[in-house]
Amino acid sequence: MSGARRLGASLRGRIGVCAILAIFVILSDQVTKAWALDSLHNGRQIPLLGDFITLQLVHNPGAAFSLGASTTWFFTLLAFVILALLAYGLWRMNSASSAGAIGLLMGGAIGNLIDRLSQPPSFGQGHVIDFINYTDFFVGNIADIWIVIGAAWLAWELMRSLPEEEQNPALAAPLSGLESEAEPRDDADDADDAPAPQTQVPTDVLEAEVTAHE
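Numbering (UniProt numbering), first residue to last: 1 to 214.
Any given hint could be a false lead.
Stated by the list, open to error - Beta-carbon label-pair distances, calculated as ranges: (1) R12 / F138: 37 to 47 Å; (2) I46 / M159: 19 to 29 Å; (3) A151 / W73: 23 to 33 Å; (4) L78 / F138: 10 to 20 Å; (5) L117 / I20: 37 to 47 Å; (6) L11 / H41: 38 to 48 Å; (7) F80 / P47: 31 to 41 Å; (8) I149 / F80: 32 to 42 Å.
Read the hints as simulated data drawn from the structure, not as lab findings.
Using N, Cα and C, we set each Cβ at its ideal position, and we do this for glycine too.
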């Protein structure tokens, strides 16, 4: 099998892993949002883990922490840009594990993008459905949870792919010292170790000595 075919099969495998996880994230996000719309009332809080995590339905026009509430269209366009960058990353990376992390990120981004395209008040400016309240610090959804997990996972994979010297700069100095010790000696040392040249006696001198003995 040629190298191109092996690369193609590897890419198909990464796409498969990414697609499976992305579909799972989208389904879990949309199903829980549908439940929140049907079961929760705006503003009402239902304790889930005491006062630390409660359920409260909120329609968020902006990003996390309701930032940029007046520029919903910008976050819609930004979601498409992020998805394009993630698709490029999936093509560039060779690890199935990295593909899984990208799948979580893509699924979360698509889940919130569906809200912006389908929820009121208008196409492209829909409000994201949030219903998990974290001590009134911010309100999120299942897609946000998967995005955080995917981002941490991808960061871990990127750290693992770095050379050991870059992960631990303290190793660089000892290694460089070992490399310098292993360098070849200079020409002066080689000259000292070289055998002494042999002195050649001229031929006419040898012939004179032979004649004298005779």
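Hints and how they fare:
1. R12 / F138: 37 to 47 Å: 38 Å, holds
2. I46 / M159: 19 to 29 Å: Hint violated: Cβ distance 39 Å, outside 19 to 29 Å.
3. A151 / W73: 23 to 33 Å: 24 Å, holds
4. L78 / F138: 10 to 20 Å: 19 Å, holds
5. L117 / I20: 37 to 47 Å: About 23 Å separates the Cβ atoms of L117 and I20, which means 37 to 47 Å is violated.
6. L11 / H41: 38 to 48 Å: Holds, at about 47 Å.
7. F80 / P47: 31 to 41 Å: Check passed, 37 Å falls within 31 to 41 Å.
8. I149 / F80: 32 to 42 Å: 22 Å, violated
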